[in-house]
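> Given next are the chains, with one letter for each unit.
2 protein chains.
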Amino acid sequence: MPSGPLMIIGGAEDKLRQRAILTEFVGAAGGEEARIAVIATASSLGPEVVEVYDALFRRLGAADVISVRPESREQAHDLELVAELGNVTGVFMTGGNQMKLSAVICGTPFGDALIDAHQRGVVIAGTSAGASIQSSHMVAFGGPGSTPKQRMTQVAAGLGLLESCVIDQHFEQRNRYGRLLMIVSESPSLLGVGVDEDTAAVVEEVEDHEILRVVGKGAVTIFDPARIVTNAYEAKRASPLLSSGVVLHVLPHGSRFDLTTRTLVPPPRFADPAEAAEMAEAGKDLRQLARDIAADDVSPSALRRRRARTRRKTQPAHHDPTHQDPTHQDGASS
Amino acid sequence: MPSGPLMIIGGAEDKLRQRAILTEFVGAAGGEEARIAVIATASSLGPEVVEVYDALFRRLGAADVISVRPESREQAHDLELVAELGNVTGVFMTGGNQMKLSAVICGTPFGDALIDAHQRGVVIAGTSAGASIQSSHMVAFGGPGSTPKQRMTQVAAGLGLLESCVIDQHFEQRNRYGRLLMIVSESPSLLGVGVDEDTAAVVEEVEDHEILRVVGKGAVTIFDPARIVTNAYEAKRASPLLSSGVVLHVLPHGSRFDLTTRTLVPPPRFADPAEAAEMAEAGKDLRQLARDIAADDVSPSALRRRRARTRRKTQPAHHDPTHQDPTHQDGASS
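Chains as they are written, first to last, in numbering that gives the first Met the number 0: chain A, 0 to 333; chain B, 0 to 333.
These are computed hints drawn from the structure, not numbers from a lab.
These numbers were taken from a predicted model, which means no experiment stands behind them.
Careful: at least some of the hints might be erroneous.
Unchecked claim - Covered stretches of chain A (chain B as the covering partner; in silico rule of three or more C-beta atoms under 8 Å from a C-beta of chain B):
| hint | region |
| --- | --- |
| 1 | 139-148 |
| 2 | 160-174 |
| 3 | 244-257 |
We put the beta carbon where it would ideally sit given N, CA and C, even for glycine.
Looking at chain A on its own, in the form it has when it is part of the complex (with noise of 0.2 Å):
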């Protein structure tokens, strides 16, 4: 059986729109059948934020929302709170501190519970400190700039969901290029994995893969520092650092990287199906004037009848007539 997948959340995701990370997660729960445990552990808040997202979670469907929040080592031990993480559909784990997060449960039959659960299947999602902690290094703590400086942040060990990476969340909004930078420096074996607010990388086993796939608004920016040249073992305190030849990938929504060979993975050309309709309808039409043209039977006022024609056939009301032309594509200079 395949593990489950991991929604690795950069903060600040949609609660009140059109909620499309946390849709994604009550479905990846099973929907109607969901029962989803909050753990809120990393956050400084009180029942509030558990609240919040028992109201979201039911209102998207889930059939039940438990609250299950160790607030030390001692009751990440309790053996009665951890079996309620038995038989739980999906997790998700708030933001806030996630140095408390791992302090509190990562080596506890607490910590070990949610691995078993995601390797038996379930969605273990997280935001902010949430998805701080599902990567084996993590990022303790640190400033903000995007040159990467010497000692600039710290690496803590993270529950190991995902292996081999550094995950950094509110990636764009606090300017976390630098620090990121600095620790696949130090740590080449890792793959840099940055997530900007409402955003997910989720990540998923397909066919001995790991296939990590972004939805949300902002981008997941992927450093892989596979074939470095750095002086990061001898530079000094605060210097920024020499990372030359790390391999950059800034990815949008609907954009899917194989994590196991660190290569993007190419899009489908027509995701959109009204599109992909819209597209062969047009190359029907080019090869008609193709032929016309072999045959030297094509006139200006044929081809706009024609054209007339073809957009009565096929063309939604709404639509922007420009598209029917095959000869002029929409795009981002148009």
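With chain A held as given, fit chain B onto it using these hints.
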């Protein structure tokens, strides 16, 4: 005769303390023989901005400093003004608005005279707007943020002293990763060059290669999009762009990068002669130790005595004595 050096300064260069960048500029302009033209066209400030650089360059030893400041294209066609550039040995363009600078001088006799000066070996320096204008393709304006988004910035034509590049400045301080990534995603023939504040990219012709050397406190960041996969031609306005496979180089002070081959120039192993001498001594010590071990003639006490001798012989008083032990190289982790 090779072209003169370009000094591309990311803004806010140190004017009060070590003045590393401005000192290098005056040196490149001929030191005590230097006759420097300050061009403040980009600035909205009055003569004060010229007075500051006038005082600075004279304080750093320049023989003469003149202000040459066309404020309109008409003035940039004034051949008397243009003639002022005929016998300068260095040019310094101030910060301000690079669109004003390009609007006034690009494609005028004044702009051509700057290109001529560069080609006859004169050093051309510019800070902020005066940096941007040097590349063939210039960032016109645009917002901050580390994730590249469609249409977040605009490109205009620069002076073209540096071909096939687009320069951005205040790079870390104003968080301009995203806009430079957007530009190279849309123009993958260009190399993106982002320069931090108080940092200069010095470009010199060395054996038909253009070599970029970094001077100053921050870093120069290079995006090489030669192998990019992008959706820039079809992404919608304000959407994050797919920019996969960009090779990233973060280059601190002292780094050298070959713009012609787009590769890092390997650093010399020991840039500091004192360090090189110390390492040579430590190497001798290690060779002696290897001989002693081979001759089975070594004891811990003999080793301690020999180390003490070596230390007296080579160690300056203020040095960290752990430096002397060849088995304990000093570094970031110590």
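> Output the numbers, in ascending order, of every earlier hint that fails for this structure.
none
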